[in-house]
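Next come the chains, spelled out residue by residue.
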Amino acid sequence: MIDPLNAVAAVGRGTIGAVRGTGAATLFGVLGLSHLLRPPFYWRMFLRAFVEFAYFSLPVVALTAVFSGMVIALQSFTGFSRFNAAGAVAGVVALSVVRELAPVLAALLVSGRVGAAMAAELGTMRVTDQIDALTTLSTNPVKYLVTPRLLAGLLALPLLTVVADILGVAGGFLVGTVKLGFSGHTYLVSTFDILTSTDIIAGLSKAAVFGFLIALMGCYRGYNSRGGAEGVGAATTSAVVAASILILAFDYVMTELFFAR
Amino acid sequence: MSATPKIAMSATPKIRIRGLRKAFGPKRVLDGVDLDVAAGTSMVVIGGSGSGKSVLIKCILGLIEPDAGIVEIDGKDVLQMDWEQREQVNACIGMLFQAGALFDSLPVWENVAFGLLARHKVDRAHARQRAVDVLAQVGLDASVVDLFPSELSGGMQKRVALARAIAAQPDVLFFDEPTTGLDPIMGAVIDGLIVDCVKRLGSTAIAITHDMASATRIGDRAAMLYRGKIVWEGEAGGLLHSGNPLVEQFTHGLREGPIHMELRR
Numbered sequence: 441m442i443d444p445l446n447a448v449a450a451v452g453r454g455t456i457g458a459v460r461g462t463g464a465a466t467l468f469g470v471l472g473l474s475h476l477l478r479p480p481f482y483w484r485m486f487l488r489a490f491v492e493f494a495y496f497s498l499p500v501v502a503l504t505a506v507f508s509g510m511v512i513a514l515q516s517f518t519g520f521s522r523f524n525a526a527g528a529v530a531g532v533v534a535l536s537v538v539r540e541l542a543p544v545l546a547a548l549l550v551s552g553r554v555g556a557a558m559a560a561e562l563g564t565m566r567v568t569d570q571i572d573a574l575t576t577l578s579t580n581p582v583k584y585l586v587t588p589r590l591l592a593g594l595l596a597l598p599l600l601t602v603v604a605d606i607l608g609v610a611g612g613f614l615v616g617t618v619k620l621g622f623s624g625h626t627y628l629v630s631t632f633d634i635l636t637s638t639d640i641i642a643g644l645s646k647a648a649v650f651g652f653l654i655a656l657m658g659c660y661r662g663y664n665s666r667g668g669a670e671g672v673g674a675a676t677t678s679a680v681v682a683a684s685i686l687i688l689a690f691d692y693v694m695t696e697l698f699f700a701r
Numbered sequence: 051m052s053a054t055p056k057i058a059m060s061a062t063p064k065i066r067i068r069g070l071r072k073a074f075g076p077k078r079v080l081d082g083v084d085l086d087v088a089a090g091t092s093m094v095v096i097g098g099s100g101s102g103k104s105v106l107i108k109c110i111l112g113l114i115e116p117d118a119g120i121v122e123i124d125g126k127d128v129l130q131m132d133w134e135q136r137e138q139v140n141a142c143i144g145m146l147f148q149a150g151a152l153f154d155s156l157p158v159w160e161n162v163a164f165g166l167l168a169r170h171k172v173d174r175a176h177a178r179q180r181a182v183d184v185l186a187q188v189g190l191d192a193s194v195v196d197l198f199p200s201e202l203s204g205g206m207q208k209r210v211a212l213a214r215a216i217a218a219q220p221d222v223l224f225f226d227e228p229t230t231g232l233d234p235i236m237g238a239v240i241d242g243l244i245v246d247c248v249k250r251l252g253s254t255a256i257a258i259t260h261d262m263a264s265a266t267r268i269g270d271r272a273a274m275l276y277r278g279k280i281v282w283e284g285e286a287g288g289l290l291h292s293g294n295p296l297v298e299q300f301t302h303g304l305r306e307g308p309i310h311m312e313l314r315r
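Protein chains in written order, with my numbering: chain B, 441 to 701; chain V, 51 to 315.
Calculated directly from the structure, the hints in this document are not laboratory data.
Treat the hints with caution; some may be incorrect.
Straight-line alpha carbon distances no greater than 25 Å define the calculated DMTMM-like cross-link-like pairs of lysine to aspartate or glutamate that follow [as the list claims (entries may be wrong)]:
{"id": "1", "chain 1": "V", "residue 1": "K249", "chain 2": "V", "residue 2": "E283"}
{"id": "2", "chain 1": "V", "residue 1": "K249", "chain 2": "V", "residue 2": "D117"}
{"id": "3", "chain 1": "V", "residue 1": "K77", "chain 2": "B", "residue 2": "E670"}
{"id": "4", "chain 1": "V", "residue 1": "K279", "chain 2": "V", "residue 2": "D124"}
{"id": "5", "chain 1": "V", "residue 1": "K249", "chain 2": "V", "residue 2": "D124"}
{"id": "6", "chain 1": "V", "residue 1": "K126", "chain 2": "V", "residue 2": "D221"}
{"id": "7", "chain 1": "V", "residue 1": "K126", "chain 2": "V", "residue 2": "D84"}
{"id": "8", "chain 1": "V", "residue 1": "K126", "chain 2": "B", "residue 2": "E670"}
{"id": "9", "chain 1": "V", "residue 1": "K77", "chain 2": "B", "residue 2": "D572"}
All values reported here derive from a predicted model rather than from experimental measurement.
With the sequences and hints as input, model every part of the structure.
Structure representation (structure tokens):
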């Protein structure tokens, strides 16, 4: 028989753990960002992280964006043609991609690719004493390992999102003109007519926040991992899961901020 | 280094530890450690697995925050220092980790010159040359400088880690189980290199080990850590004939004696 007090205690422990974890991760992020204002800054580490974030993620983000744009064009055409609104396809593709799909899909993909690798790398460094070795070599581990990655995430995701925006719209354009019979000129005019600067700024702002969250979760979980290979594995998994949930939660919050009337 | 140190212990010790305590949950790992290490001497701390040797070193280095106690280096309590002050102290310290703790994303030369590069004391060209010179001191030639740690054998990794520890010519050196995982010959080679480096630099050294051969080779003095306290201290040469039943049992590897291993059946 389940003891109700035990169940309440378990809920309480879980809540306290979640609040404590949120606070610790927030402080970790603030500490990491604060080192941006205090030299030295490790540019080589930043460039390495930036290349990992932006360059090596480019193929997977590009492919996903193209196919997403194509699918949205096809789905919206089949849906809207029932209401004689097929002409809205270009606008729907543009708004969907720029406001939501490009930043969110890019972030989720980068979280699985770079966030996981980041957690695994820092976790391995933790359990093999490499982070302690940094301290003994008079190097602040947060400044050396975390700050460059946070900045790289913050700057790289918007760039990836710009690429995803262009390729997503291009995917929709391809399906719209080749398969659905839109004229290229009309499709492009509809696209540019509907997009506003707020749409683009909102998408890129979301991307910057998502990039920061991916780097934060990867670094935080990896930096604090314990217990050898199993601990590193757990840190990697939790980094991706936490980042994915945070991306979707912050997506809602930022959508409210930018678009709620 | 096997000779008795001539430095009077009444002078301010290079490292002074008083009442150092650290517990993890209910387990008291360090329970009031008192230890002095005179400048220019090598102190070997022996003790069984899990006796708190590594925790002791990590507390001195500031990697673990102790619950109570004093750790002084050159008369200054390092536990009361902020991060910047601590960084300056660490700049005069070298540490050889048990498993090397080499940065596996960096080539050998950057590992060795890491401290110099991180503190922006030298440019990369000079740092590389300095790494080549230090690697030569530990018996490694220039062919390894561009390799990555994963491409080296265990013995070579230990040498690179030793080179990294001495690259900045530190005043104080720490060695955590320097011969663990090495064959006896390679262990003796590493011990010899450690002795040479400490002599050449004139550094103060603290080594922790449970390898008795290594302890007598490296140390001027020795201390035994048991149940969180230093239970014996004396000349390293006298380790095998200390007269202390705890030390006798440990150094001779006897099953019977005052030390009881906690085994679950």
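Verification of the hints:
no.	hint	result
1	V:K249 - V:E283	22 Å, holds
2	V:K249 - V:D117	34 Å, violated
3	V:K77 - B:E670	23 Å, holds
4	V:K279 - V:D124	23 Å, holds
5	V:K249 - V:D124	19 Å, holds
6	V:K126 - V:D221	15 Å, holds
7	V:K126 - V:D84	16 Å, holds
8	V:K126 - B:E670	40 Å, violated
9	V:K77 - B:D572	23 Å, holds
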